[in-house]
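S.K.: The lines below spell out each chain.
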Amino acid sequence: MFQQVVQFAKKHKIKLDTAVNDLPKEQLDLILFGDKNISSALVVDVNDESIPHEYTGSYEGIIPMLKRWFASANSTEALREWVVQFMTLQTCSTCNGARLKKESLWFKIDDRNIAELSDLNLDNLAAWFDGLELRISNKQATIGKDVLKEISERLQFLLNVGLTYLTLNRSTRTLSGGESQRIRLATQIGSQLQGITYILDEPSIGLHQRDNHRLIDALKNLRDVGNNVIVVEHDKDIMLAADHLIDVGPKAGKHGGTIVSEGTPTEVLASGSDTAKYLNGEKTIPVPLERRKGNGKIIELKGATGNNLQNVSIQLPLGKLIVVTGVSGSGKSTLINETLYPILSKYCYDSKANPMPYKSVKGLEHIDKVIEIDQSPIGRTPRSNPATYCGFFTEIRTLFAAIPEAKIRGYNAGRFSFNVKTGRCDVCEGGGMRVIEMNFLPDVYVHCEKCNGKRYNRETLEIRYKGKSIADVLDMTVEDAVEFFQPVPYLYRKIKILADVGLGYITLGQSAVTLSGGEAQRVKLSTELGKKDTGKTFYILDEPTTGLHFQDIEHLLNVLHKLSDRGNTVLVIEHNMDVIKVADHVIDLGPEGGDGGGKVLFEGTPEDLIHSKESYTAQFLKTELLNIP
Amino acid sequence: MSEISNDQIEVSGARVHNLKNIDVSIPKNKLVVITGISGSGKSSLAFDTIYAEGQRRYMETFGAYARQFVGDMERPDVDKITGLSPVISIEQKTTNKNPRSTVGTITEVYDFLRLLFARVGEAYSYNTGKKMVKWSEEEIVENIFRRFDGEKISLLAPLVRGRKGHYRELFEETRKKGFVKVRIDGEIKDLAPKMQVDRYKIHDIEVVVDRLKVSDDFKVRISQSVQQTLKLGKDLMMVAVEKEESKSKNQNPRSNTSNDKTLFENSESDVYNAPVDRNIVLFSKQLMCEDTGLSYEEPSPNAFSFNSPYGACPTCKGLGNVYTIDMDEVIPDQSKQLKKAVLLR
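These protein sequence lines are chains A and B, in that order.
Just so you know, we're using our numbering here: the first sequence kicks off at 57 and counts up by one.
Just so you know, we're using our numbering here: the second sequence kicks off at 2 and counts up by one.
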């Protein structure tokens, strides 16, 4: 192609080394859009080889070429990705984003077409449907009676679980985990099935305290229809609303797995367990007496207008623990994950990320690193585990290779990897399990009988460090490993962090697929913490308390505090009052979700926030802060 | 079964993961919350024991053949679970990454909305913004009697609307069917053997099915002719009032040099929005704009689905947005040399 351009330019006397600005418009257009009329015979030298390669035909032009490559089914993924760099996603000019053909948009009910209705917030849509049968003709009402009833019911279920701010045309890609869970919940309630056992995993995640009662009502509704509802949950309100509460514990991992107490919430409260103490308010996460001053530097983001944000400007004081909060759908994620993070990563790593629209940003020079820690899983293969993810497994292997016995035998670090042929068990290939294919019956997983699940061959296992083989080390919990590796500072430091983020109970070799979202997030967090921070690092965490019990939150907060004490900035998106109350700086978005939100209600310390009248967060924070014994 | 109490799910001897051989009874028809610090075994109890067993039992109901496709369900390490009803887990998984999946589609509200629009929606013409009408055969006959009583009319069935061609075969075929007159570009002509029209011009051709005077004597004949006209004209027909003087000079209002917009049948009448002839009245069994002759197909729920080719916007294929070339990305820096400025990243 480039050869074509060169030849074409030569023919038309276009100088390729002129600056674009100085080039006559016709010439630029010729290069970009091609020459349709004249079929020119271009002689293309392929790499200046002696044989001239004859090319006859019209010059296509760069832009048509890109379009053709993008549309062609023959183009490879890589080529298409390359082309996409030069394109932007724009609202379709034919339908203006309505997605339907022109004819379909000219069918109307009560003067609204289907695309207009899809664009309404669910509460407005429900209001429009309310009494619709009186606004349309009798004939229409008779035909549509059943459909109308069905729609109104379904909408009502969605409103009941607090999803008032969504629109029907909202793409499910952009929904948070909590939102999609609540949609499924609403759908299930709508199905009116009976005698089902529903199991829900932390439905309160991502839900602001204000909307909790709606969720509880929805759960009760599901129960009243005649179902069993089992909820795994850490939220105080939901625990107290339960008919029957089961407390599993007392501690994590090996120290857990028993029923501490069960019964009605009142009975559990009286049991004196750790959970009960937090519920009673006997044990609380202390509010720091003094808020961090920060280092006086700020990042200032002005005029963010992505999604529902209404020209939001915020100031982020650096060196502080910042919490961004607000009811669901108020625009927290848009502001932080889709605007701020791309800006920062563009600045720090020159990444290609595309921030949502904003006017200006100042103060970026005060940071040199940005780290986002989300809840996506750390690995999808059973061969990935916390030790390999955090990177210290390499160091453990090096440690094993340095043992005199290993040196005598000539084992290097690779020998101790279960992914490398030499050291692993050759029957299960380091998996510890063997898959027996049963042809038309499902595959059966059995413990590898050769290595007995240890993943390594006998020779490798003979190398012992302080009496433990490499397999024994993988089988250790983080807690035990901390003790075991105390004399090895570089290992100790990294493993200790895993324990610090509340993961003391997982084993080093636990397969990544068995980790929950919250656990995966904390593994990532500890990996980041294990790296040398620069003191000018900007951390962004999205709801790190997911799946955490009161005690774990305390652990987590300690880690976050440590980070900010070293001069880093930690920004947390969170609904949990325990996190909000210990923040140095709170940014509250709202007041409502969707179109009713997207404004900054408050910026400042938690103490000042409780005086805010508009903010829902303030009301809940008030009870939390004044609870201080 | 007799000893099993009906109001509890009994789990005995659960040993999944770190669970220590525990027995739990979970009351039915109650809101039950399981709590505890992370890693204490909540999920092991709720998901890996109760849910897993429920799923496994459900899978067992399939034959061995079907089970090989759904994969293997491991039996949770538990002695006994009784009183278990079908289990549905509502997890946090973000459901679908497909850009075609929306809140409306996953909640099925949009599907009902489509149905509602297909059955109850009222069509408006995108040319004039007026409400569209459609007629039944009886209504057309009634209308003819009301509007043209005592007048002499022709019933015309449109065969060609705004297309180029010489139409030799069409004329021949029509002639063989026994029709004697056609109306070409507004002018009524006798069908003659080897007749043809200018192949490079756009033509409107209707066949004259019947010419008669509207009066009660011809009631049966009119309704039969209307039926036949609609059949020939594919649900569309015209009624031309014959006035002695207007019989001739009816120039086709469209300029014949205009581009041939070969769109699909319905929107062809886009270009047809001229006031054809005040003495011509269009009737259609399909939804039609009375002023411009624009007609829509009978709406089906599909026509409102952006995930169906019947409803999707043809440009963006129902996605709502399209990739377009961004010149700022193609030439990020205008001051650079041409050979170094274009398509470089």
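Keep in mind that the hints were calculated from the coordinates and are not lab data.
All C-beta atoms, glycine included, are put in the ideal place defined by N, C-alpha and C.
Any given hint could turn out to be false.
[Claimed, not checked] For each label pair, taking beta carbons as the anchor points, the in silico distance ranges come out as:
{"no.": "1", "chain 1": "B", "residue 1": "T129", "chain 2": "A", "residue 2": "A197", "range": "56 to 62 Å"}
{"no.": "2", "chain 1": "B", "residue 1": "A65", "chain 2": "A", "residue 2": "R520", "range": "44 to 50 Å"}
{"no.": "3", "chain 1": "B", "residue 1": "S336", "chain 2": "A", "residue 2": "D166", "range": "52 to 58 Å"}
S.K.: Now, for every hint given, state plainly whether the structure supports it.
M.R.: Okay, the hints, checked on the actual structure:
For T129/B and A197/A, the Cβ-Cβ distance of about 27 Å falls outside the hinted range of 56 to 62 Å, so the restraint is violated. For A65/B paired with R520/A, a C-beta distance near 46 Å keeps the hint of 44 to 50 Å intact. For S336/B and D166/A, the Cβ-Cβ distance of about 56 Å falls inside the hinted range of 52 to 58 Å, so the restraint holds.
Checked against the numbered hints above, the structure violates only hint 1.
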